[in-house]
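Quick mapping for you: the protein sequence lines, in order, are chains A and B.
For the first sequence, the positions run 23 to 136 when the numbering used here is used.
For the second sequence, the positions run 827 to 934 when the numbering used here is used.
Bear in mind the hints are in silico, worked out from the structure with no lab data behind them.
Idealized CB from N, CA, C, for every residue including glycine.
Hints may be right or wrong, so weigh each one.
[Unchecked claim] In silico SDA-like cross-links for lysine to any residue, where the CA-CA straight-line distance does not exceed 20 angstroms:
no.	chain 1	residue 1	chain 2	residue 2
1	B	K883	A	E124
2	A	K52	A	F82
3	B	K926	A	L110
4	B	K907	A	Q129
5	B	K926	B	N847
6	B	K926	A	S49
7	B	K902	B	H864
8	B	K926	A	F82
9	B	K926	A	K52
10	B	K926	A	G80
11	B	K926	A	S108
12	B	K926	A	E124
[Said to hold, decoys possible] Chain B stretches covered by chain A per the calculated footprint, using a threshold of three residues with CB under 8 angstroms from any CB of chain A:
no.	segment
13	838-844
14	865-875
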Amino acid sequence: DAGVTQSPTHLIKTRGQQVTLRCSPISGHKSVSWYQQVLGQGPQFIFQYYEKEERGRGNFPDRFSARQFPNYSSELNVNALLLGDSALYLCASSPHGGENTEAFFGQGTRLTVV
Amino acid sequence: GQNIDQPTEMTATEGAIVQINCTYQTSGFNGLFWYQQHAGEAPTFLSYNVLDGLEEKGRFSSFLSRSKGYSYLLLKELQMKDSASYLCAPRGNTPLVFGKGTRLSVIA
Numbered sequence: 023d024a025g026v027t028q029s030p031t032h033l034i035k036t037r038g039q040q041v042t043l044r045c046s047p048i049s050g051h052k053s054v055s056w057y058q059q060v061l062g063q064g065p066q067f068i069f070q071y072y073e074k075e076e077r078g079r080g081n082f083p084d085r086f087s088a089r090q091f092p093n094y095s096s097e098l099n100v101n102a103l104l105l106g107d108s109a110l111y112l113c114a115s116s117p118h119g120g121e122n123t124e125a126f127f128g129q130g131t132r133l134t135v136v
Numbered sequence: 827g828q829n830i831d832q833p834t835e836m837t838a839t840e841g842a843i844v845q846i847n848c849t850y851q852t853s854g855f856n857g858l859f860w861y862q863q864h865a866g867e868a869p870t871f872l873s874y875n876v877l878d879g880l881e882e883k884g885r886f887s888s889f890l891s892r893s894k895g896y897s898y899l900l901l902k903e904l905q906m907k908d909s910a911s912y913l914c915a916p917r918g919n920t921p922l923v924f925g926k927g928t929r930l931s932v933i934a
């Protein structure tokens, strides 16, 4: 069975550019969450989507946006990239949006902003 | 808001036992997760506690005290492959929020 898949695996962008990261959840999972992980830190919550609606938003600027599609896949968009946006972006899927369900993580997209 | 505190780094010897502590403050409480993350890899689920007490799963056990806002992860019979970061993640009224993680180094 396929786990959570993210694309691309690595990406290099220039300051000011825009980037779109993609995530496909485990089959049957309806909730997708996005996290940013800077080297040496734990993952920081960015967004959660469940049934195509935003269920939660972390403390990130409006340059970060996301959406979930009818097939439950998701995209994370970041506009006007800054050097500080360089990080590992993790997508996690859960069967539903409930509080007691574990999250299954993809391998992440390593974004480098130069 | 949420506040999560765990040691930054720990070192232990192969075959030994190590306890990684986590204290937390959350708005609401819906359980606490522990994840393991090897360098360059995604976090993987280890345990989930929602009630007070000890949950044992093979070499790994996790303890929770909701009144104290405290949890620990206990690793027994340490192996070199246990060298990784261990992330404490209490769930409050918001989606899963992670601590900074404890980097465990297992030495021979």
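Comparing the hints with the structure gives:
no.: 1; hint: B:K883 <-> A:E124; result: holds, 16 angstroms
no.: 2; hint: A:K52 <-> A:F82; result: violated, 23 angstroms
no.: 3; hint: B:K926 <-> A:L110; result: holds, 14 angstroms
no.: 4; hint: B:K907 <-> A:Q129; result: holds, 19 angstroms
no.: 5; hint: B:K926 <-> B:N847; result: holds, 12 angstroms
no.: 6; hint: B:K926 <-> A:S49; result: violated, 30 angstroms
no.: 7; hint: B:K902 <-> B:H864; result: holds, 18 angstroms
no.: 8; hint: B:K926 <-> A:F82; result: holds, 17 angstroms
no.: 9; hint: B:K926 <-> A:K52; result: violated, 27 angstroms
no.: 10; hint: B:K926 <-> A:G80; result: holds, 16 angstroms
no.: 11; hint: B:K926 <-> A:S108; result: holds, 17 angstroms
no.: 12; hint: B:K926 <-> A:E124; result: holds, 18 angstroms
no.: 13; hint: 838-844; result: violated (count 0)
no.: 14; hint: 865-875; result: holds (count 6)
Checked against the numbered hints given earlier, the structure breaks hints 2, 6, 9, 13 and satisfies all the rest.
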